[in-house]
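As they're listed, the protein sequences go chains A and U. Numbering-wise, the working numbering puts 330 at position 330 of the first sequence, and it's gapless, one number per residue. Numbering-wise, the working numbering puts 289 at position 289 of the second sequence, and it's gapless, one number per residue.
Keep in mind the hints are simulated off the structure, nothing from the lab. Any given hint might turn out to be false.
As the list claims (entries may be wrong) - Pair ranges (Cβ atoms, derived):
no., chain 1, residue 1, chain 2, residue 2, range
1, A, Asn158, U, Glu244, 23 to 31 Å
2, U, Thr329, A, Leu143, 37 to 45 Å
3, A, Pro78, U, Gly156, 55 to 63 Å
4, A, Arg233, U, Glu244, 56 to 64 Å
5, A, Leu143, U, Asp346, 26 to 34 Å
6, U, Glu71, A, Glu62, 53 to 61 Å
7, A, Ala217, U, Asp346, 47 to 55 Å
Claimed, not checked - Computed footprint of chain A on chain U, listed as stretches where at least three residues anywhere in the stretch have a Cβ under 8 Å from a Cβ of chain A:
no., region
8, 268-276
9, 281-295
These numbers were taken from a predicted model, which means no experiment stands behind them. Every residue gets a Cβ at the ideal spot worked out from N, C-alpha and C, and that includes glycine.
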Amino acid sequence: MLGLFAALWCRPLPRSGPGEGGGSAARFIGVAGEMTCAVARGSGRGPGRPVGSEWAMATVAELLTVPRLAGAVEPLIPVALDRRVESVAVLEDLHALGTSPPDSLVIVAETASREAVGYRLDVLLRQASARDVAALALVREPLPRLHRTAAELAQRGNLALLRITPGIGLADTVIAIQQELTGGVGRLLDRARACLALIDEAERLRLGPPALVERVAEALGAEVRLGPPPAGRGWLSAPVLVDGEPGPWISTPGDGTDADTVRRLLLHRLASAAERLESARQRAADVPVQTRAELLTELLIREPHASRDLVHRARQLGIPIDGWHAVVRLELENLAELRPGDEMGAFNLAQLAIRVAMESARGTGGTWNRAGTGSTILLVRSWQAEAGSELQAEVARAAELVIGRVRARIPRLSIRCGVGGIHVGSTGLRTSALEARAAIAAALTAGRRNVAVRFDSAGLRRVLLQWYALDDARDSVARLLEPLDRLGERRSREAIRTLRAYLDAHLSLSRAAEMLGLHRNTVAYRIQRIFELLEVDPDDPEQCLMLQLACRAREL
Amino acid sequence: MTLGEPDLEALARGCAIFGGGGGGDPTLGYVMAREAIRRGGPVPVVDLDELPDDGLVLPVAMVGAPTVIEEKIPNGSEGGRIQAVYERHFGRPVVAFAVAELGGIEGMLPVAWAAHAGLPLADCDLMGRAFPEIHMCTPNLHGLPIGPVVVTDERGNVATFTSIDAAWAERLVRPTCAAMGSCASLAIYPMTAAQARAAAVRGSVTRAIRVGRLLEAGAGDPVAVLEAEVGAVRLIEGKVADVERWTTQGFARGNAVIEGFGHDAGRLLRLEFQNENLVALLDGEPVASVPDVITVLDHHGAGAVVSERLRYGQRVTVIAFPCHPAWRTAPGLRLVGPRAWGYDLDYTPVERIHAARA
Numbered sequence: 001m002l003g004l005f006a007a008l009w010c011r012p013l014p015r016s017g018p019g020e021g022g023g024s025a026a027r028f029i030g031v032a033g034e035m036t037c038a039v040a041r042g043s044g045r046g047p048g049r050p051v052g053s054e055w056a057m058a059t060v061a062e063l064l065t066v067p068r069l070a071g072a073v074e075p076l077i078p079v080a081l082d083r084r085v086e087s088v089a090v091l092e093d094l095h096a097l098g099t100s101p102p103d104s105l106v107i108v109a110e111t112a113s114r115e116a117v118g119y120r121l122d123v124l125l126r127q128a129s130a131r132d133v134a135a136l137a138l139v140r141e142p143l144p145r146l147h148r149t150a151a152e153l154a155q156r157g158n159l160a161l162l163r164i165t166p167g168i169g170l171a172d173t174v175i176a177i178q179q180e181l182t183g184g185v186g187r188l189l190d191r192a193r194a195c196l197a198l199i200d201e202a203e204r205l206r207l208g209p210p211a212l213v214e215r216v217a218e219a220l221g222a223e224v225r226l227g228p229p230p231a232g233r234g235w236l237s238a239p240v241l242v243d244g245e246p247g248p249w250i251s252t253p254g255d256g257t258d259a260d261t262v263r264r265l266l267l268h269r270l271a272s273a274a275e276r277l278e279s280a281r282q283r284a285a286d287v288p289v290q291t292r293a294e295l296l297t298e299l300l301i302r303e304p305h306a307s308r309d310l311v312h313r314a315r316q317l318g319i320p321i322d323g324w325h326a327v328v329r330l331e332l333e334n335l336a337e338l339r340p341g342d343e344m345g346a347f348n349l350a351q352l353a354i355r356v357a358m359e360s361a362r363g364t365g366g367t368w369n370r371a372g373t374g375s376t377i378l379l380v381r382s383w384q385a386e387a388g389s390e391l392q393a394e395v396a397r398a399a400e401l402v403i404g405r406v407r408a409r410i411p412r413l414s415i416r417c418g419v420g421g422i423h424v425g426s427t428g429l430r431t432s433a434l435e436a437r438a439a440i441a442a443a444l445t446a447g448r449r450n451v452a453v454r455f456d457s458a459g460l461r462r463v464l465l466q467w468y469a470l471d472d473a474r475d476s477v478a479r480l481l482e483p484l485d486r487l488g489e490r491r492s493r494e495a496i497r498t499l500r501a502y503l504d505a506h507l508s509l510s511r512a513a514e515m516l517g518l519h520r521n522t523v524a525y526r527i528q529r530i531f532e533l534l535e536v537d538p539d540d541p542e543q544c545l546m547l548q549l550a551c552r553a554r555e556l
Numbered sequence: 001m002t003l004g005e006p007d008l009e010a011l012a013r014g015c016a017i018f019g020g021g022g023g024g025d026p027t028l029g030y031v032m033a034r035e036a037i038r039r040g041g042p043v044p045v046v047d048l049d050e051l052p053d054d055g056l057v058l059p060v061a062m063v064g065a066p067t068v069i070e071e072k073i074p075n076g077s078e079g080g081r082i083q084a085v086y087e088r089h090f091g092r093p094v095v096a097f098a099v100a101e102l103g104g105i106e107g108m109l110p111v112a113w114a115a116h117a118g119l120p121l122a123d124c125d126l127m128g129r130a131f132p133e134i135h136m137c138t139p140n141l142h143g144l145p146i147g148p149v150v151v152t153d154e155r156g157n158v159a160t161f162t163s164i165d166a167a168w169a170e171r172l173v174r175p176t177c178a179a180m181g182s183c184a185s186l187a188i189y190p191m192t193a194a195q196a197r198a199a200a201v202r203g204s205v206t207r208a209i210r211v212g213r214l215l216e217a218g219a220g221d222p223v224a225v226l227e228a229e230v231g232a233v234r235l236i237e238g239k240v241a242d243v244e245r246w247t248t249q250g251f252a253r254g255n256a257v258i259e260g261f262g263h264d265a266g267r268l269l270r271l272e273f274q275n276e277n278l279v280a281l282l283d284g285e286p287v288a289s290v291p292d293v294i295t296v297l298d299h300h301g302a303g304a305v306v307s308e309r310l311r312y313g314q315r316v317t318v319i320a321f322p323c324h325p326a327w328r329t330a331p332g333l334r335l336v337g338p339r340a341w342g343y344d345l346d347y348t349p350v351e352r353i354h355a356a357r358a
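Next up, chain A with everything else stripped away, as it sits in the complex (with noise of 0.2 Å):
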């Protein structure tokens, strides 16, 4: 005698159109081999099956997603996985597949699975590919191997064999299936609530977008996109927020009925998941930016003989301070004007050019760090090895790049860069970061913005010829110069000579002695002559540097 379930099927009626009740779903129901008709329909293929509608189907492997039965499903062997499943049916007694319709899925309970053996299961397979069962799946343990004559058999009938993990329900496992196979709005709550399980675990294994929405897209059973918004009708989207701007768009096609306000809904709890994750990541990620950016701003600030034990701190930290270094400097001129009366939206604009310089410095190679306070950010470019002069142009191309970039982020910023030379050491630092300074004072007398002005000998002579044009300034350098002055007219211009060949030699006395034309010797007792007499402290760039712009002032 058959049992309840021997033989319990369910078709999905039709899917029908927005307007038309969409989403309800009448099924036919057997048992026992005999039909009770909710709503009797031909079979998918048969003379019955009425004319313009469309099935709800769904393939063995879309099946095999299924939410609910992730995991606990599995194919035994791969073969007719692109099969359209029409039904589903639950075979309890292994002689009642005659009443099973073509192009279903079987599930074969736990206890007839338990028979469906040997050649039972031959029998079985020669059965339901007679029938055109799209599907076998067998309730059991793992097989140690699938007899060979079981898989021929699949494969000849073109039918896929399964294997559902025993303890799972059945009757959950079948209405999984029969929803999936229904389609609509029961389908999709069905999976949407599998994603927002998704989401919650993603967030707690701080998972980044990307992956985040890959899962999301095989547990929803439909393409989600992260970009920009995808062009042409009927794509749903929401924006991912980072740091309180429009970053890329997370968007899945939607169907025009109820069902887009379910795909909505997930795609704003998908999007503002994707925020905090993609907040998360870049906190982590600044963590020893930061770090290494506070101190480079310290070291830049503090007094050089207090700036001993930061030195110190640097290497620890990583930062090639030892090395040679450019620095590129940034001044966000109308951050104010951007966000009016809003300090907040004008910070996070702030902080907003600050990651994407970062991340464009970072971009063209090589080893960046940053420094810089409120709307100042100084990259710095560092060498471990000596840097030729040449790579000053590869710096101020690299600080172009990072102009468009920001700029292309926040199109109405104004930006004013100065890019300093190449120096070594912690003093060398100190010095580009001046230099880069003097270029941008340089780019404002200019009115030059939202370009790269390199302070170079081409650029400097204009910068100088502006400056030296000033009244203050002819002062300062008469001011600074004129313990040399005094020495006579052609002691003086020897003494600046080789100060300047001095300082351009970033206080290498062998390279000034080269340039020169002198011995070192001569050079050094030079030197410390001339620093007697202007009191000027030589571990001082900034003293240094006003010293190298007054003696190439006085020689414009």
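Chain A is already provided as a structure; the job is to place chain U on it using the hints.
Relative to chain A, chain U alone:
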């Protein structure tokens, strides 16, 4: 007729055909029978009508796993020991030995023991084929007692069982056989010639010899020969693609997969066996089952391949032919039909399946 050394090969070949994959490899029995005949002379094969009505006929056989018999060989004294026990028990002499089951070594050993004893061999057996269990004999269908059953081994151990029925005898003998090393010699259904005329399958020995000779002569297609002689049908020609075999509870159980070639290309035959071949399924559809005889023939030599000799890569032809009519009765099917072996299949005579498929 008189069974001499020249007839042994034909008998061995015929026994292998009727053995349906069981009964063990006849080679060992052939060698033992040949030696016995060389010592004791040819063995008269007598029709049951030639024996006195009350003459004691002793059907004998080996019991156990064929895989073991190949390594644990009888020493030839077993028949005499069994004969002595029965003659003491019944108080009269045994007039003839008989073959208990017509298959492989089982059809040959009684020849050896008859030659040793100087007794004739009755032209009959109790199955018309081979079955793995001792109560699966036609006298069981006639209500004859199976006992006393005498079991002995090559060491000289002897056990005698008087059971309430045949099934109990099987239940008692099997563990004893296991204790004796999963292989022993025995006699069952001791009966008078008059009882044997009604209850045994008559003419088995001479039929086996005739079939063996026809196949030996190489008269064309062996399947055609068997079709004419025993009503055989061809199930598949193919290559053994897989064999699973395990020895348990004194039986060699398993299954083999034969992958068709030639006009059977693309087909798969699954052969289930328990010593004997029990069920054949072609592409998942039963095409032959017990009690009909399913035999695997070597594709080149036309000799039968016993189940324990099935090997991957062998080229074979699988045939099936009708069993003795006694097995197709309701009591016969209850005893040896597919369900008696645990198969969830109804028996359909092989010739009817074949006709329906044609």
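Verification of the hints:
As the Cβ distance of Asn158 (chain A) to Glu244 (chain U) is approximately 26 Å, the hint placing it in 23 to 31 Å holds. In this structure the hint that Thr329 (chain U) and Leu143 (chain A) lie 37 to 45 Å apart at CB holds, the actual value being about 40 Å. Roughly 60 Å separates the CB atoms of Pro78 (chain A) and Gly156 (chain U), a value that falls within the hinted 55 to 63 Å. Our hint of 56 to 64 Å for Arg233 (chain A) and Glu244 (chain U) holds, since their Cβ atoms are close to 60 Å apart.
Distance hint for Leu143 (chain A) and Asp346 (chain U): a CB-CB separation of about 28 Å, consistent with the stated range 26 to 34 Å. Checked against the hint of 53 to 61 Å, the pair Glu71 (chain U) and Glu62 (chain A) passes, with Cβ atoms roughly 56 Å apart. The supplied range of 47 to 55 Å is met by Ala217 (chain A) and Asp346 (chain U), whose beta-carbon atoms lie about 52 Å from each other. Taking a C-beta to C-beta cut-off of 8 Å, the region 268-276 of chain U contributes 3 residues in contact with chain A, enough for the three needed, and the coverage statement holds.
Residues of the region 281-295 of chain U with a Cβ under 8 Å from some Cβ of chain A number 5, which satisfies the need for three, so the listed coverage holds.
The structure shown violates none of the earlier numbered hints.
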